[in-house]
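Q: First residue of the sequence shown? That's 1 in UniProt numbering, and the numbers climb one at a time after it.
Note that these hints are calculated values from the structure, not bench results.
All figures in this text were calculated on a predicted structure; none of them were measured in a lab.
Heads up, some of the hints might be wrong.
As a list, the in silico DSS-like pairs of lysine-lysine whose alpha-carbon atoms are at most 30 Å apart [unchecked claim]:
{"id": "1", "residue 1": "K170", "residue 2": "K242"}
{"id": "2", "residue 1": "K256", "residue 2": "K170"}
{"id": "3", "residue 1": "K242", "residue 2": "K94"}
{"id": "4", "residue 1": "K256", "residue 2": "K242"}
Cβ pair distances, simulated, as ranges [to be verified]:
{"id": "5", "residue 1": "V75", "residue 2": "R96", "range": "22 to 32 Å"}
{"id": "6", "residue 1": "A218", "residue 2": "L92", "range": "18 to 28 Å"}
{"id": "7", "residue 1": "I262", "residue 2": "F38", "range": "30 to 40 Å"}
{"id": "8", "residue 1": "S58", "residue 2": "I263", "range": "17 to 27 Å"}
{"id": "9", "residue 1": "P197", "residue 2": "L225", "range": "39 to 49 Å"}
{"id": "10", "residue 1": "D216", "residue 2": "V71", "range": "16 to 26 Å"}
{"id": "11", "residue 1": "P209", "residue 2": "Q97", "range": "32 to 42 Å"}
Cβ coordinates follow ideal geometry from the N, Cα and C atoms, glycine included.
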Amino acid sequence: MQGKVVPRPIITSLDWDGRAKAAAGTRPRRTIVLVVLFYYVVSISLVLLNKMVLNSRSLPYPLFVSWTQLVVAVVRPALTSALPSISLEFDLDKARQILPLAVIYILMMATNNLCLHYVQVSFYQACLACVVVMAGFALGSLGEAQFSCLGLAYGLVSSIFVALYGIFVKRASPVVDNDSWRLMAYNSEVSIVGMLPLIVLSGEAAELPGALAQMDGATLATLLLSGLLGFLINIAVFLQIKHTSPLTNNVSGTFKGCIQLIISAAIFGDMVTPMNVLGTLLVVVGSAWYSHVRYTEMGQIEHQTEHKKWM
């Protein structure tokens, strides 16, 4: 009698320790595909909406936009009965344990939107993975039509925090019993307070009253919608890390940037140079290479697991 064949996950699954690797083979392929697609749709939509808001003359304040998204992430669940599993609990000890994650999250959001404020969306996808992918980013940036050294600096710093964020999410999850909703709530609550000093120090706070008084309805609607997507992107990232790994989350985000470049070029009319195209191709090759390596590794893990089971 032959054993039951365990479905093979696509792209990845896995923490780096042996137990997670062995358990990864039992995760349904469909779940991983849906989680990654959900992340792609929400993330690309959020970047495009943020760029629309920051492009508007009435609200060119990237830190305030980030803070607004944090507020919506907390207020939205509190006002709806569609998410009954989310409570407004706040335990100081848990908040302290989640504080490192919140600090990384604040700096990631701030540098993300600051980078997006200074550069085109096609240039925004800043170095999110391995050497080949990094080389693709470097070539793409050399051909950028609207190159900004400040935007590049924010993008590079942001990439560090993006990579750290996935790791810290994995570490902080046990604090809330691996509950993604509670982790998102704690992270957002702590980050709302932590983001305020940055808004004041940047000088945005002094200009906001006048800007908000003159803000048009379209910009307000776009800002609130981006806030809702900011709430969803937390869930998307947490789910992707939960069902795959922090490294996969980063590589997945980098490949997503290639799709983002094409869409942004169509919507915003961003100029795509030959260097942009070459850089994007290298990113695709690097991401595909990583996926192939992980897929092969998972096949070996499944084979070893099945072999031990029937010995």
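Q: Check the structure against each numbered hint from earlier and tell me which ones fail, lowest number first.
A: 6, 7, 9
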